[in-house]
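Q: So the chains spell out like this:
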Amino acid sequence: MESFTLTHPAATPLAGAGRQAIVGVVASGNLEVLAERTAQPDLCVVEISTAADGFGEIWRAVILDFVERAAPGGVRFSINDGGARPDTVLLRLMQAARALQDATN
Amino acid sequence: MRRWDSARQARDARLSAASGLMRGKQVRPDDVTALLEAVIRPGDRICLEGDNQKQADFLARALVQADPAILHDLHVVQSGIVLPEHLELFEAGIATRLDFSYSGPQGAALARALDRGRIALGAIHTYSELFARYFIDLTPNVALIVARQADRHGNLYTGPNTEDTPTIVEATAFKDGIVIAQVNEIVDSLPRVDIQGDQVDVIVQSPTPFHVEPLFTRDPAAMTETQILMAMMAIKGIYAEYGVTRLNHGIGFATAAIELLLPTYTERLGLKGKIATHWALNPHPTLIPAIESGWVEQIHCFGSEVGMDEYMRARPDVFFTGHDGALRSNRMLCQNAGLYACDMFIGATLQIDLDGNSSTVTPGRIAGFGGAPNMGSDPHGRRHASPAWLKAGREASDARSGLVRGRKLVVQMVETFGDAMAPAFVETLDSLALAERLGLPLAPVMIYGDDVTHIVTEEGIANLLLCRGRDEREQAIRGVAGYTPVGRARDRGMVERLRARGIIRRPEDLGVNPLDADRSLLAARSIKDLADWSGGLYRPPSKFRNW
Amino acid sequence: MSAVASCRAASWLEASARARVAGLLDQGSFVEFLGPEQRAMSPHLRQFDLPRAFDDGVVVGRGLLGGVRVFVAAQEGRFMGGTFGEVSGAKIVGLLRAARDRAAPSPPDAVLLLLDTGGVRLQEANAGELAVSEIIRAIAELRHAGLPVIALVGGRAGAFGGGGIIAACCTALVISQHGRTSVSGPEVIETNKGVEEFDSKDRALVWRITGGRTRILSGAADRYVRDEIAAFRDAAIALAGLTPPPFACETLRAAQTRLVARRERNGACRDATELWAGDGIDEPDQVPDLTEDAFIALLSARSAQHDRR
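Protein chains in written order, with numbering that gives the first Met the number 0: chain A, 0 to 104; chain B, 0 to 546; chain C, 0 to 308.
For the record, the hints were derived by calculation from the structure and aren't laboratory data. Hints may be right or wrong, so weigh each one.
[As the list claims (entries may be wrong)] Quick list of in silico lysine-lysine cross-link-like pairs, BS3-like style, CA-CA up to 27 Å:
#1 Lys192(C) x Lys542(B)
#2 Lys390(B) x Lys271(B)
#3 Lys174(B) x Lys273(B)
#4 Lys271(B) x Lys200(C)
#5 Lys24(B) x Lys271(B)
[Unchecked claim] Here chain C is said to cover these stretches of chain B; the calculated rule only asks that three of the stretch's residues, wherever they fall, bring their Cβ under 8 Å from a Cβ of chain C:
#6 470-478
#7 521-534
Ideal Cβ positions, reconstructed from N, Cα and C, are used throughout, including at glycine.
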């Protein structure tokens, strides 16, 4: 198991008013992403806890692409990862951002 | 004075050596090993019928029991090295030389046997190539084949799994070889005759029905959003773009996802009747919803699939069937059909290099080839035009002379990472190291890069037809290679320029939102759904059931 | 055609625990207790180098079911096989006790257990075993108080081990064709008794012995539904509206009598098809392959054999 936190500046806060959303399931090759609007509006924080060791560089690349695409300012994403592949990680992050945007809580 | 019938004389001598064991054409199961010792000679070429589906498994077990002092140095020429017995022949010293095509489940054991020098390997062939050599320089002396039923004259009924049998028998029986068939039962009259009795010398009723592997069943329950995304991109970016009506699919999950998106996503795109109507394809259960929805005009099959018999019997407008109602398959003819009469092959692979060469060899495993190398190659003997073929040809051509020839669409559909995070994109194929270690003159390559026209990954589609020069080709491949080391080493500026020219297309360029890639798009989400679609005619094997 | 319709309806089997809860209850009525943001995770899994889940694989909360106030617990069968661990078990125990105590602000009139579990989590087995016992006790207390506890089983993991016992302790059990209930799982039986006794790889056999159709035909389950969230909802609404049988010695004795008779009648059977043949079902071999419509018609033509509990 490895845990680390990546913080990126984000140009704009994520749209919508939802406070919290969760997508995905922790299983082999899958992950859950909890999105909470608890970061500074100009930052995106991603906390990762992963079952697959030694892929830090790929995580950094995936998170960078995600922040570029989704501009998720103000959001803390917390990940429990069961060894998902990078494309699945990116997809779940995008799903989490959309779910948070659409959430009514 | 030269004798011109020595092979015929030898055949007569062999059969008379076994005559004490035979009553008519029949031999008792217990006597089969003795019979094989009588009719096979050291150094013979033998075909022990086995491919990626059906197996002459009883005859394989009988041959392994033979005395290596009597039977040795045999040359095995058959499409599949699939049963443990196939390799035991070499361990026991009964066989020494091998020419084959596919080894699927024995891939690792075969690599070990080659490593230890137990096998003198001729070549790993494509199916069509091996069948071709049956008629030129690898003609079997003895063929051990398999069918469902025989009558006492030796006529054979193969049922839906005809597969390689007619080709093997043609090459053996008409060149003075000996044909021995194991059958599940011997009956008075057959539903239909797949092999004429005068081409069959010996029949034996096997104590157990022959094994058939359900190789082409993909459980929709295991399909991922990534595979669905790739399927959506392929449908919009290739099927619709080129208007592909005649095609072959591999057995991967992403192509199975395409099959399940035809009656749903693809139908909503208004493409019904415009694409995917005529197929060279095994009876994939995942195609049932598309067939039931009226997408499919006709399908010719290489082999059959476990559980599909009754479904196909009830759909003769779609499948090739005998007058008895059951499917008739034929691997050689279907390979030929896939090669010449299809405009597209689309399938998966395990490794792709920077030239687009693809291979399923991984360290310590030689899986051999399925249908991909033949169907995934541009047939230079083709002379009939079709819109898809011409469009691909125009894209590849600089057309200075005004003479444009078509191109077959050869699409590799691959997720950038495979099992255990193994990258699918590599600088060098593992196949090369394996060939060097084993001293193979030719590294096994499933599809050569110059035949590949498109690569589809979850990151996008690379159109290699539009690339001009090696550098563009390399960056087009890197540009869809995702987060693999090969993908991360891309020239970002050049990849963006390729994208501007439509050589690389991202989901958003195709109007596909990755967030829409959802399992609810699948026409069936389980094997049970497939059985329901078939109205209960598809009877999946037990291992795929969850009810 | 019905095949198309059944493919499009939201599948219980496919859905996550959260999606099941959302679809089962009246729209938007679910209020989660101890949600993922609380990060009540397993204290043990890290020691085994295993990933944790923010809700430890169990969703608990309250909501409305056809206007009736309910408490609900749902196991996520894909996380650690939906197993009972220290936290996931305690969440269910706590929910049931709160229901027993008619906790404000919304004291429930029924409890729904969406079981999807292989049983106790091996990595935290002691806590899991304790939780199973405490859950059984809490169910008994709820039933004694006259509250129906309804189990719903139709997920990938089924309801095995302690989950199988819990399902049997509930007021009623709703099951689909894919659902399975039993105590020892197929692999456990094969490991202990040999493949001749039970071939766990023969999936058709596994479902013939433990699956939803077998359970409804033998009376071990009370409602059989299609694999659709809406069908589970309809059955749960109907059951929550019934007055549960008195949780008293009489009910238990009657159940015991029926079970003894069933054992005498069927004790020598080797496969479910023999049970069905003995029950007078024509073509028992065809039962697993009947379409849902045909099977439901078969059920409605039979007199109920429920072990009404």
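Q: Determine for every hint whether it applies to the structure shown.
A: Now for the hints, and whether the structure bears them out:
1. Lys192(C) x Lys542(B): Status holds; Cα separation ~21 Å.
2. Lys390(B) x Lys271(B): holds (20 Å)
3. Lys174(B) x Lys273(B): violated (46 Å)
4. Lys271(B) x Lys200(C): violated (40 Å)
5. Lys24(B) x Lys271(B): violated (52 Å)
6. 470-478: That given contact is violated, which follows from only 0 residues of the region 470-478 of chain B lying within Cβ reach (below 8 Å) of chain C.
7. 521-534: holds (count 11)
Checked against the numbered hints listed earlier, the structure breaks hints 3, 4, 5 and 6; every other hint is satisfied.
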